[in-house]
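My request is simple: use the sequences and hints to build the entire structure.
Residue numbers (full-length UniProt numbering), protein chains in the order written: chain A, 1 to 604; chain B, 1 to 612.
Hint data in this document are derived by calculation from the structure and do not stem from the laboratory.
In this text, a Cβ means the ideal position worked out from N, Cα and C, and glycines have one as well.
Check the hints yourself; a few may be wrong.
[Stated by the list, open to error] Computed spacing ranges between beta-carbons, pair by pair:
no., chain 1, residue 1, chain 2, residue 2, range
1, A, M150, B, D458, 39 to 49 Å
2, A, E392, B, P346, 46 to 56 Å
3, B, S27, A, A339, 44 to 54 Å
4, A, D336, B, G84, 48 to 58 Å
5, A, G458, B, E579, 45 to 55 Å
6, B, G420, A, D461, 47 to 57 Å
7, B, S27, A, R79, 46 to 56 Å
8, B, D410, A, H482, 19 to 29 Å
9, A, G458, B, T415, 46 to 56 Å
10, A, D237, B, L128, 17 to 27 Å
11, A, D244, B, G429, 34 to 44 Å
12, A, V41, B, M173, 37 to 47 Å
13, A, D461, B, H334, 30 to 40 Å
Listed below, chain by chain, are the residues.
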Amino acid sequence: MSEDSFMSSRIEAQSDLGTLATLRRGLELSPELRRGLGLTVVLAVVATLGRVLIPFVVQQTTDNGILADGGPDLGFVLRAILVAGAAVVVTSLAQYLVNVRLFTAAESGLATLRLRAFRHIHDLSVLTQSTERRGSLVSRVTSDVDTISMFVQFGGLMLLISTAQIMLATLLMLFYSPVLALVVYLCFVPLVFLVRRFQPMLGRAYGAVRTRVGDMLGAISESIVGALTIRAYGVEDRTAARIDRAIEEHRRSAIRAQVRSVMAFVSGQGFAGITTAVVLAAGTVLAVRGDITLGQLLAFLFLVNLFTQPVLMATEILNELQNAVAGWRRVIGVIDTPADVSDPGVGGVHQQRGPITVQFEDVTYAYPGGEPVLRDVDLRIAPHTRVAIVGETGSGKTTMAKLLTRLMDPTEGRVLLDGVDLRRLAFDSLRSRVVLVPQEGFLFDDDVASNIRFGRPGASDDEIALAVTELGLDSWVDGLPHGLATHVGQRGESLSAGERQLVAIARAYLADPDLLVLDEATSAVDPSTEVRVQRALEGLTRGRTSVAIAHRLSTAEAADLVVVVDRGRIVEVGHHRELVGRGGVYTRMHESWTAQQRSGDPLG
Amino acid sequence: MSVASQPVPRPTANRAVLRRGLKVVWSGIKDQPRPFAVAVLGAMLWAAATVGTAGAIGWVTDHVIEPAVTSRVVTAAGLWTILGVLLAVLVVNVVGVILRRVYATVAGFNLQAGYRRRVTRQYLRLPLSWHHAHPSGQLLSNAHADIEATWQVFNPLPMAIGVIFMLLIAGVMMVVVDPFLAFIGLLVFPGLFAANLVFQQFMAPRITRAQQLRAEVAEVAHESFEAGLVVKAMGREDEETERFRGSTHELRDALILVGRTRGTFEPVIEAIPTLGTLAVLGVGTWQVSRGELDAAQVVQMAYLFSLLAFPVRALGWVLAELPRSVVGHDRVQHVLRSEGAMEHGPARLPAGGGPARSAMSHVTYTHAGEQEPAIHEVSLEVEAGSTTALVGPTGSGKSTLVNLAVRLIDPGTGTVLLDGTDVRELARGVIPATATVVAQQTFMFDDTVRGNVTLGEDDRSTDASVWEALRIAQADGFVRAMSDGLDTVIGERGGNLSGGQRQRIALARAIWRQPRLLVLDDATSAVDPSVEQAVLAGLREARTGMTVLVVAYRMATIMLADQVVYVEHGRVVDRGSHEDLVDRCGGYADLVHAYAREAAERAAVERAEEDA
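Next up, the structure:
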């Protein structure tokens with residue numbers, strides 16, 4: 001809808017925060033993730049204690065029960081088994097509670113994140129929104145968030161438990177043999193370095209996957225949204241090839257990331273194996289020197305296993321963490337994209353409804369990095385004036401409409417509403433006073449009534465019916481298969497272009513703004529619908545201040561004030577009757593219009 | 001606002017989920033036999049090495065450590081033996097894990113990619129009516145989230161198979177040690193199986209609902225972002241966020257329920273092998289005390305069991321994934337099994353044969369799900385080289401007729417002819433090569449201006465020909481002003497272009513192909529009337545060798561036509577020149593007069609206002 005190819009601030013593909021900063025920001029955005037974490041940690045510790053206790057009891061059972069001096073001690077074994085059985089029950093229960101609590105926290109936190117991202121995308125300016133493909137934008141509130149969920153559900157849980165288990169195993173190892181515990185830790189130092197090296201590599205690989213998912217969804221959506229064009233031009237094969245390329249790139253990047261994660265995991269496993277071997281060898285030396293017994297050595301080996309298992313699990317989780325961070329970076333990337341047109345916040349001015357005065361004060365607008373498309377525009381519009389802005393395509397008239405509705409802010413100068421700078425006006429006050437009817441009013445996949453209600457969500461069915469009648473649209477609605485309950489299909493496709501305009505007009509009428517900004521639809525519709533559109537528009541603009549980006553002579557003729565824009569400047573202002581004979585830009589436009597009217601006159 | 005989405009058949013929750021899940025898995029294995037075989041081989045190496053680690057430790061204890069401790073002498077050779085044996089087992093283990101995990105991933109992502117290709121092929125093949133019945137967001141979700149859900153199971157699958165292999169080894173060893181004790185221990189498995197059946201029962205409906213809601217969230221987001229401008233213009237960000245909150249929170253609750261189910265199942269699966277170990281220990285000790293068993297045998301048995309406790313969870317993971325697989329699979333199959341794609345015949349049309357002739361004979365067409373036909377018994381003749389205007393009130397069936405003419409849809413009864421051949425007889429690709437339609441809603445590919453005009457037919461594209469098409473479509477001016485000219489990338493749906501500019505590029509796309517039949521379905525709706533005039537004038541000069549069928553709304557367009565066809569309620573009411581129709585066809589005269597009358601009324605009102 002903009003007449004330029006320049007862009008305002010772009011949506012970041014990914015935020016460039018580091019892993020920890022991403023986690024911190026992620027937790028900040030989803031406070032639920034931390035809610036009740038204290039109790040969850042306690043429960044996790046209980047579950048871990050149980051998990052460590054059970055093998056310990058099993059070992060005790062064998063050592064002091066079955067292999068007891070003087071034959072198996074049946075009583076001891078039974079007692080031990082009962083203790084272990086009770087531990088299993090307690091562990092399972094604690095584990096269940098941990099699972100449920102983490103699931104609840106994770107999903108609640110992620111729902112909040114989805115909502116934040118969704119809301120922020122709507123808060124971004126139209127220009128910023130258009131810097132990203134829709135499929136990709138959708139992925140930021142769907143699959144990117146899903147990627148995080150894998151980590152915060154299972155990963156977070158496992159990381160907690162693993163850390164607890166590592167600490168416990170360390171304590172036990174120190175208790176059994178400080179020397180061997182040192183040996184174990186020495187073996188793991190290289191692993192720590194390796195993991196640190198792997199992490200950024202993995203981060204990049206998973207980041208690439210997220211980008212490819214966005215690209216792939218963008219490519220796939222071509223086959224859905226472009227269905228008609230693809231069939232009409234017989235470009236199924238080409239589209240298929242484009243989609244296949246995106247699918248293949250995604251497949252490759254996904255496998256590449258997984259291979260790296262396998263390598264990271266395997267290096268952990270390698271060190272676990274090496275540790276066992278080194279402990280056995282070192283332990284043998286210690287045992288030969290008489291520092292420990294053979295039994296102690298074997299018991300220690302059991303502890304090493306207790307230590308390596310969670311370490312392995314942790315390396316795995318760190319992989320998953322990088323995957324989650326990649327998703328987080330995409331979501332944070334969009335949330336942290338500055339909204340270049342934003343609500344003034346608490347200090348925002350709230351205005352009374354009523355007759356409205358509009359003023360452009362030395363307004364210049366240039367798209368970032370571009371030449372000004374509007375220069376030094378000064379214009380005052382008195383209440384209840386019907387203004388028509390006319391000019392060639394690219395003259396800057398659409399830019400004026402966008403500035404007036406604060407879809408963009410001027411580069412220089414101010415736009416004032418009743419003397420207040422638009423930038424100081426609270427959004428809800430602004431939107432209730434000023435409404436834009438765009439060229440193509442988007443319709444939702446719902447019925448006609450709901451689409452009209454979009455103009456004022458609280459409106460009752462009677463109010464909608466009344467609006468329809470007041471705009472003279474009742475005969476049209478009666479002609480629809482199910483009246484106001486008729487479904488309009490996706491994007492309103494079941495209605496014609498003209499009918500979609502009618503719905504958009506009724507929607508704006510229901511919104512009842514003080515200032516109506518109308519980007520006049522250029523689409524030609526059949527004459528009878530055109531008549532309806534014109535009547536409805538008249539009903540809509542009656543008694544209001546209105547500014548129309550006019551494409552029709554009739555609109556300019558009927559306006560109280562015609563503003564002629566040429567190459568970014570206002571060149572003429574006045575009533576149609578004054579301007580038409582002035583010999584300027586308007587005169588030329590008028591001549592070409594009347595020529596068309598004549599050629600199109602059915603009676604001529 | 002509610003989202004009207006096409007219900008996808010839901011799988012019934014019963015014991016069949018397990019069977020069907022395994023069927024899905026089996027179909028995946030058949031699809032990717034090689035990577036899967038390598039992964040399973042890796043899993044077996046891993047399983048053997050895992051069981052072997054215990055054996056290796058036992059062996060070095062018996063043969064190296066114990067003698068050393070007893071004799072109080074340790075040799076370097078002895079230490080190297082310890083390291084050597086254990087590292088050898090480790091190497092097998094690591095190689096096994098690499099093969100298992102890498103190839104499981106390869107199999108899984110190959111399957112995903114393969115199914116994405118098949119699903120998108122369906123999107124390209126299925127008729128437009130099917131597309132209209134399915135929200136874009138849902139189709140995106142089918143191609144992404146559902147396919148992912150189906151094949152995620154391949155990640156833990158090879159490990160689970162390795163675990164089964166491990167269980168076999170361990171099972172045999174246990175039976176060798178003591179069949180009775182082994183029997184007690186192996187009772188664990190029916191226990192696992194029963195627990196899983198209960199789990200599936202609860203899980204299947206919950207996961208179905210979660211996947212459905214996932215699609216709904218995508219639908220709402222897709223629609224809402226598409227409506228971005230209107231949402232902003234009306235200041236409805238809050239309401240849209242509320243709508244999204246509704247589906248997001250429903251999804252959240254559904255996922256929490258799924259998590260609760262899973263969170264219950266997992267501790268149970270984990271506890272069962274431990275309980276088995278305890279049972280073995282208890283019974284074993286009892287047997288030892290009765291002198292029926294050697295204490296060392298019980299210890300060995302208990303060790304074998306404790307070794308299995310952790311990997312057995314991999315079985316649980318696979319079982320837990322199965323309901324998700326089945327649900328994803330069903331949703332994907334709903335797309336793959338959809339029918340109604342157009343069949344093409346063998347006929348071709350002579351190449352470069354001048355303007356094409358289009359005709360319809362007794363054509364009737366009814367939209368899906370409606371009783372009343374949209375088109376009744378229409379017969380129509382569009383002469384080669386002529387320009388025909390279709391005129392009629394809104395909803396009279398003009399667009400449907402046009403779509404029939406270029407076979408975007410097929411009639412219920414009657415025949416549509418192109419150069420005298422039934423369009424259904426024509427080979428694939430013949431119609432797009434002959435007839436080109438420019439629709440009301442323009443679609444831009446995420447490609448350069450050149451790519452959007454030539455649509456990849458680079459072999460016959462020259463810059464000069466592209467510029468010429470752009471010139472006729474009145475698009476050369478703004479394209480020239482773009483930073484990279486023809487190489488400027490136009491975003492999806494031409495986000496950076498105005499509606500009129502997009503339409504002009506779409507027109508250039510049609511003109512560039514020099515079709516023998518050009519169909520314009522309100523294709524100039526978003527351009528200024530003066531530009532439209534220039535486009536039509538350009539077409540007139542370039543249209544030698546072209547038949548034009550145009551849905552006309554503006555008088556200027558009607559005046560260009562050799563023949564006007566007036567349509568009302570899906571029937572052709574009259575045809576002839578504009579003058580004839582004004583004279584003899586009441587409906588047509590009313591329609592074209594309406595516009596003039598409105599203009600006159602307006603003028604009268606204005607004069608009255610001035611007088612007052």
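- Query: Of the hints stated earlier, which fail here?
  - Reply: 11
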